Each structure stands twice: as structure tokens, then as C-alpha cells.
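Student: Okay, here's what each chain looks like letter by letter:
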Amino acid sequence: MKNKLIELRNLTKNFDDQQVLKGISLDIYENEFLTLLGPSGCGKTTTLRIIAGFEEPSDGQVLFNGIEISKVPPYKREVNTVFQKYALFPHLNVADNIAFGLNLKKVEKSVISQKVERMLKMVGLSGFENRDVTLLSGGQQQRVAIARALVNEPKVLLLDEPLGALDAKIRKQMQLELKKIQREVGITFVYVTHDQEEALSMSDAVVVMNNGEIQQIGTPTDIYNEPENRFVASFIGESNIIEGHMIRDYLVEFDDFQFECVDKGFEDNEEVEVVLRPEDLDIVEPEHAKITGVVRDITFKGVHYEIMIETEKRMYNVHTTDYAPVGKKIGLLFGPEDIHVMCKMGAY
Amino acid sequence: MKQMRANTKLQNAYLAFLFFLMYLPVAIVILFSFNESKLYVSFSGFSLVWYEKLFRDSAMMEALKNSLILGILSCAVSAVIGTLGAVSLSALKLRSKGVLEYIAILPLMVPEIILGMVLMAFFYMLKLPFGMLTLLIGHTVFCVPYILVEVKASLALMDPSLTEAARDLGASSWRAFLDITLPLVMPAVASGSLLAFAMSMDDVVISIFINGPRISTLPIKVYTQIKTGVTPEINALCTIMLAVSLTALAVFSIFRSHKKEENRDEEQIDRASEPDQEL
Amino acid sequence: MKQYRHLIRPYLIWSLVLVVIPLFLIVFYAFTEEGNEVLTFSFTWKNFARFLEATYLNVILKSFWLGFITTAICLLLGYPLAYFISRFSEKAQDTLILLVTIPMWINMLLRTYAWMNLLSDNGIINQLLGRLNLGPVSMMYTDFSVLVGLVCNFMPFMIIPIHTSLCKMDKSLLEAAMDLGANRVQTFWKVTWKLSMPGVVNGVMMVFLLAVSSFVIPKLLGGGQYMLIGNLIESQFISVGDWNFGSAISMILAVIILISMRLMQKMDKLQQEE
Chain A
0 MKNKLIELRN LTKNFDDQQV LKGISLDIYE NEFLTLLGPS GCGKTTTLRI
50 IAGFEEPSDG QVLFNGIEIS KVPPYKREVN TVFQKYALFP HLNVADNIAF
100 GLNLKKVEKS VISQKVERML KMVGLSGFEN RDVTLLSGGQ QQRVAIARAL
150 VNEPKVLLLD EPLGALDAKI RKQMQLELKK IQREVGITFV YVTHDQEEAL
200 SMSDAVVVMN NGEIQQIGTP TDIYNEPENR FVASFIGESN IIEGHMIRDY
250 LVEFDDFQFE CVDKGFEDNE EVEVVLRPED LDIVEPEHAK ITGVVRDITF
300 KGVHYEIMIE TEKRMYNVHT TDYAPVGKKI GLLFGPEDIH VMCKMGAY
Chain B
0 MKQMRANTKL QNAYLAFLFF LMYLPVAIVI LFSFNESKLY VSFSGFSLVW
50 YEKLFRDSAM MEALKNSLIL GILSCAVSAV IGTLGAVSLS ALKLRSKGVL
100 EYIAILPLMV PEIILGMVLM AFFYMLKLPF GMLTLLIGHT VFCVPYILVE
150 VKASLALMDP SLTEAARDLG ASSWRAFLDI TLPLVMPAVA SGSLLAFAMS
200 MDDVVISIFI NGPRISTLPI KVYTQIKTGV TPEINALCTI MLAVSLTALA
250 VFSIFRSHKK EENRDEEQID RASEPDQEL
Chain C
0 MKQYRHLIRP YLIWSLVLVV IPLFLIVFYA FTEEGNEVLT FSFTWKNFAR
50 FLEATYLNVI LKSFWLGFIT TAICLLLGYP LAYFISRFSE KAQDTLILLV
100 TIPMWINMLL RTYAWMNLLS DNGIINQLLG RLNLGPVSMM YTDFSVLVGL
150 VCNFMPFMII PIHTSLCKMD KSLLEAAMDL GANRVQTFWK VTWKLSMPGV
200 VNGVMMVFLL AVSSFVIPKL LGGGQYMLIG NLIESQFISV GDWNFGSAIS
250 MILAVIILIS MRLMQKMDKL QQEE
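Those sequence lines, one after another, are chains A, B and C.
Residue numbering for the first sequence follows numbering that gives the first Met the number 0, beginning at 0 and increasing consecutively.
Residue numbering for the second sequence follows numbering that gives the first Met the number 0, beginning at 0 and increasing consecutively.
Residue numbering for the third sequence follows numbering that gives the first Met the number 0, beginning at 0 and increasing consecutively.
Treat each hint with caution, since some may be false.
One side of the interface only, derived from the structure: several residues of chain A facing chain B at Cβ under 8 Å [stated by the list, open to error]:
1. S69
2. P73
3. N79
4. F82
5. K84
6. A86
7. F99
8. G330
9. F333
Hints listed in this document are in silico derivations from the structure and should not be mistaken for laboratory results.
Because the structure is a prediction, the values reported are computed rather than measured.
Glycine included, each C-beta is placed from N, C-alpha and C at the ideal position.
Here chain A stands alone, though its shape is the one from the complex (with noise of 0.2 Å):
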């Protein structure tokens, strides 16, 4: 097991009347590369700034290393932050950029240009030193603030949507990259995004957040296999979800169906909310599956097709590699481990 290193403990925050952290508690361990994810507003970004030291906590701990920091002004914390438009400092070149801290610590010069150069080769931007920050296009301005950060050896990397204002393409190469630098400087990336796809890719941990509260903590495969809750469900990834209620351990009913499932610990009877992935759906001949429909939309994915199809109680989203003409009828075929069986909403 690996060592904790920041222990949030029931933080909350107001900003005049609105409670926008409601009692967050979350442990980082070392070498650990944990997202914030959810949608604006949720407190995801409240959170990164209360652990850089930008915001003190309304209340709760914030613990580094066991030792109580919330009070610690950001320049005393062994932790550095990535900022979401990159927040350069115009007036400095590359090299001077990312020589602030050292030259702060008034580390030796040569010491110095040797901890930038090496810098500048990690992030691909060797021979960069003298450029003029504000000329550099946006994926080269990111690299830039990333080695500003990590030239500090800090123990934590804070990044706040960094990506959010790449295209496409290099956010993509991007995300690679920043995976590639973590395991090379072994350090733990706390790294807050509202992208899904971006979280699950890259962590090895997400914390799933709404309305400054966690909704869920788990790997990548744990929150998008097995949600915790609708929100969950519903924010990560597509999926049809559907109101039912567990008959006993392994038997789920929904839309007046009996299935076989691989949940338990659920009381008899309780009202539940079930998962089904719409990759995780195949269309079939209607008399080989329980429940049947009509297609009523088919769009072409690129790899799959999405199909609409009406069945008597809802509308179902498949994603198949097959394909059926709207109109035709059709049934729907998923085994036991492609449902997902979790709490209802208000239950939680």
C-alpha cells in the first residue's frame, strides 16, 4: 500500500451565502495520478485551490504528510500548480519563466540553467530558453507552465483543466505526454477536468464530484463499470437508465422483465436504478430476447452505429456494429455482467 500523502478531511467552503464544497473528504496517496471530474460548478476546482493555498477551507483539514496545512500561504507548500490559461508571466522569457522559483530559492545560476535545460528537453522544447512566452503557440505555452511547475521538485502537481483551451488534436497528444511525465518524475498530478474521456484515460484514480460533494471514488474501469449512483452514470459515458427493484442477490426486475444479474448486497425488494451500457447492448432477432422494439433512428458512428429503438416502457440507445432499418422490429440481448445495478438517487 502506498503512502498517504494529502488527507482532506469534511472540507467546506462558502463564498458569501452559497456552500460550494459540502463536506469533501478524500485521501492522495503518493505517485498517484487522481482527477477531479465533474461539470462546472461542481467544486472541483475550489478543491485544487484550497489544496494549493489559494483559498483557506471554511471549515474541515487539509493534511499534508499528517501535518494540518490549510493555514500554509502557497509559497511554503511543497505543492505547484499548472494554471488553466497558463498564467506565463508576459514579461519573461521561457527560461526566466521557468527559473522563478529556483531564482526565488537563489539556487546557484549554473544549477539553475542546468535544471531548465533539462526541463525544456522533458517537455520537447529544448532550445526554447530565449523565446518570447506570448509568441509561443498554446501546446508550447502548456509545456512551458508544466516545466515552470515541476523544476520546483514539488511533491504534488496541481492542474487545473489545463487541456481546456488546446484543440482536439494536440489535447489529445497532450494527454499522452503528461502521463508519460508523470511516471517519469514519479510524482502524484491531481488534475481537475470536466472532460470524461480526458479522466478516464489518464487517471489512476477519479473522484467523481456534484454540487461540492463526491459522488464517487474509484479507478476508471470501477466508475465506469460499476456506478455508484444516476449522476455517475449519467456524466460518464452514455448509458440507458433504467428504475427497477432487486427480487433477492443475483435478480433484478425492470420493465417487467427478470434478470439474472451480478449485484447483491441489496435489500429484498429494494427500489434500484439499473445500468445498461449501450455498447454493452446487441440487437437480436426479437424472439431470442425478452425485451423487444422497433427501430426508430439509426446514425452512423464511424466504428458503430447508434440505434434508437422503442420498446414498450422506454426508449433504448444501442451502439452496435450491426445494422437494422428503422421500422424493423427487433430485440435487445445482454447478458448478466452487462447489468450494472446501483442505489436510487435519493436512497444514496
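Model the placement of chains B and C on the given structure of chain A, informed by the hints.
Tutor: Below, chains B and C without anything else, positioned relative to chain A:
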């Protein structure tokens, strides 16, 4: 198409006409600085006699010196007060902030004549001897707001995460102010100070209320001379000053465009040498 | 950002000592008269009552009338200029705006003096007219000469804010308006004019403030008899020595100006909310 061209012609004629009106007095001032005769009525012949006389006129040189000293000192003092005021005002979240901001620009909204008279009454009450000191203090009253307004505008455009980034990288708030905020508002401080300097050099209304009997600035000199008749020496002096400012401006803008071009060249080289940095 | 709190001190002291206290001083003077003994003051409305005398009322009316006319002329002449300038290329615009400001680098008094020499009875314009046998036209020491001086001096203060707001305007808005069926004239009134309102308001306020309180230009171009509110204040302080009455006039002028500025700002806000 034809109509468009006619419109453009009309537009250019209008521009030319208004510029003619605005430059007419300027042209007269410059023209008569080269006039042979002292009379302003007609141009009797080209001569540099007034330029010669100007440099030998110790009273005029004294007035110029006073104006320059006054302008530089009041701008320096105002730059400090105005910059600190702008930075602290935009950082503060006080309920009284609105009032403070209103006070900040009040001297620009109150007519000059009232400011002059108010300051005169005030200095009189304090029994300050009228002279360079009262002029200096008086000039800061309108110099500070010019600088403050400029600096505040540039702070409003500044990304607040820049100072946060500095603190994140280990700068104390004081260092963040010195290393980040100050250099970034410096252009605004400079342009505000320049404006304030120009205002100070040109001010007559406030100055005539608070200057002492023995001290004279350039505008005051002109003001008192107008009553008795202006000698073209003043025209010569103002022509020189205009020439100096225009030269400074030209040098500055050439320098700037040169720098811009250099940057552009560098950028192009990048694009050529590393075509797929990003991809 | 608590750390900047102590930085405000120099500014606070400056504004308190040099702006707030002196301004209160004129309020104090305006409401008092000197008693018989040294350093005794008594409260009075007398200074304001005196103001209602016809001569003084006329002065204030004339000042505001002249301020109004100057502002109107500056707007009428300056708006088209700013508008035309904004249609040039960016580089040309910079140059043209610079050209607008350069005359201000020559001492204002000297420029006014140049006008005196242009407009006087045997001045340059009348000499030219004389050659055309159009006889001398008396222009100096009239409302006309004062207006010429005021308009020419304050024109840049109208042009620059209007140009700034025209520049900030997104050009695609104009294309959008035309695309949606507005012709050139409609586009101008419905989009350009509306969006340049902040600049117009700024320019109008600035020119009006300068014109209504000007006293050097009227004195030089209008002659010694030409009385505007600025000249009245000056004479009360410098030649007559009645500081109390001078303060009362100043206070009235300041209050009217501050109120009209507030009104202009409110109107501007209302219009933008529409």
C-alpha cells in the same frame, strides 16, 4: 463603385478640412517663430533671430527649467502614489471601495479653476509659502489620477492567476508584487506619467493660483506675456519642444516596430525548422 | 489579497489631505462670512442669495449655454471624423489619432494666441479678405471667436473616446446587420451609433466640463469684459478678494457638473440596458 469612390473623396476632404482647422494655430506658432519681425501680423522674412535670443534670455530659460523640474518631480511623486493606490484599490474588497474610487478621479472631474482656487485657499490656510513646493504639491493633485486611472485599467486586464502563479512558485506576496505585478503595470505607469507630465508642463490655470511671486513656469510666462504681447521667443521655444517630442516619438516607434519585426522573423524561423512540433 | 492593504496608505493620505479636506474647505467658506473679530466665522446663506442677482445668473446661464454649444459643435464635427478614422487600416488609424493629439503638445495659450492673431481686425484672415475686397470682418471679442477657440482646443477630447469605442466594436456586427437586411443608414443608426454611445457620453462629458469652466480662452478671445463663470470665480479670488462668494460660486458649479455627469452616466446605463 463610382459612388463609393465619391464617398471616399468626400470623407478625405472632410478629414483634411478638420485637420487644417486643428493645425492652423500650430502652423502659425511655428511659422512666426521664424519671422524676422516681432509683429505677428505678417511674415516679413525668414530668420533664426528668435532662437538666438531665446537662448540668451535667462528669464525664459529659468521658466523652462522650472517647468521641467516641476513636471519631473510631480510625475515621480505621483507615479509612486498613483501606482500604489491603483494596486491596493484593485486588491481591496472594502465596502468603502466605491467611495475611494470616486475620490480617485474627482480631481479630473472638478473644473481646474476650482481646484486651483481650492488649493490656493488651502495652502494659504496652512501658511505654506507659495512657490515651488506649493506648485509641486498642487500638480500631484491632477497628476495622480491620470496615473492611477491608467494603472487600474491595465490591472483590470491582467490575469489574476499570474500573481497566484508567482506565489505558487514560492514568492511571498511582496516578491510577487515586485517581480510580477510591478513589471507588468510598468508600461501603464510610464504612459500615465507621460500624460501627467504633459499636463503638468501645460498647466496654467492651477499654477497661476498657487505659484509664488518669484517663481514662474513656462505656461505662466506665456500667460503674463500675452497681456503685454508675446515675443516670438516663446514660439521658438514651443517649436523646439514640439520637435523634441516628435523626434522622441519617432525614435520610440521605429525602435518598437523594429523589435516587432525581429520577433516575427524568429517566429517564421521556428515554423520552418520545426514544422510539426505540435502534431 | 490582504497583503496589499498597507500599500494603500500613501494614496489615502494624499487623497484625504489634498482632495477631500480642500474640497470641504470651499464648502466651509461658501457657508460662512467673516465676523468682526479675527478668526470668527458665522454661518450664512448670504453668499448663495447673492448669486440670484440677475448679473450673476446671466453669467452662469451664458457659461452653460456656451458649454452646451461648444459640446454640440464638437460632437457634430468630431463624430464623423472619429467615424471616418475608424474605417482606415489599423496602422493608418494609429497615425491619424496621433495627428489628432499632436496640436495639444503645443502650449494651449500659444495656440489661443495664434487664433487671436488670425481673427483680429488686422489679422491674417482679414488681410486675406481684404485682398479679395471683402472688407474687414470684426471677429475678435465676440461669441464667435470664443467658440472657435473652445471648439478647436477641446475637439480631441471628443474624437478620442468616440474613436476608441468605435474601434472596440466588432466589425462582424455591421456585417450581421447588413446581412439581416439593414441598409447602410439603418446599420449606422441601429448598430454603430448605439454601440459608440459610451464613447459619445465620455466625450460629451469631458468637453462640456472643460468648456463650461474654461476661463483662459474666453478671457483671451472674448476680451476683458467677457464674463463666464470661470472668470467670475477668478476675479472673486484674485482681484475682489471675496473668498466666501467665490467659494459659493465654485460650489454651485461643481455640484451642477457632478450632478450632470451622474445623469449622463445613468442615461448611458439605461440605454445600454434597453
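Student: Confirm or reject each hint.
Tutor: Hint by hint, here is what the structure shows:
Because the closest C-beta pair between S69 (chain A) and chain B is about 16 Å apart, greater than 8 Å, the hint is violated. Among the interface hints, the one on P73 (chain A) holds; its C-beta lies about 5 Å from the nearest C-beta in chain B, closer than the 8 Å criterion. Evaluation of the N79 (chain A) hint against chain B yields a held restraint, the C-beta minimum of about 6 Å falling below 8 Å. A least Cβ separation of about 5 Å between F82 (chain A) and chain B falls short of the 8 Å threshold, and the interface hint therefore holds.
The restraint placing K84 (chain A) at the interface with chain B holds, with a minimum CB-CB distance near 6 Å, inside the 8 Å limit. Given the 8 Å rule on beta carbons, the hint for A86 (chain A) holds: about 4 Å separates it from the nearest Cβ of chain B. Interface restraint check: F99 (chain A) against chain B, minimum CB-CB distance 5 Å, threshold 8 Å, status holds. Interface hint at G330 (chain A): violated, since its Cβ lies 45 Å from the closest Cβ of chain B, which is beyond the 8 Å cut-off.
Evaluation of the F333 (chain A) hint against chain B yields a violated restraint, the C-beta minimum of about 40 Å exceeding 8 Å.
This entry does not satisfy hints 1, 8 and 9, going by the numbered hints stated previously.
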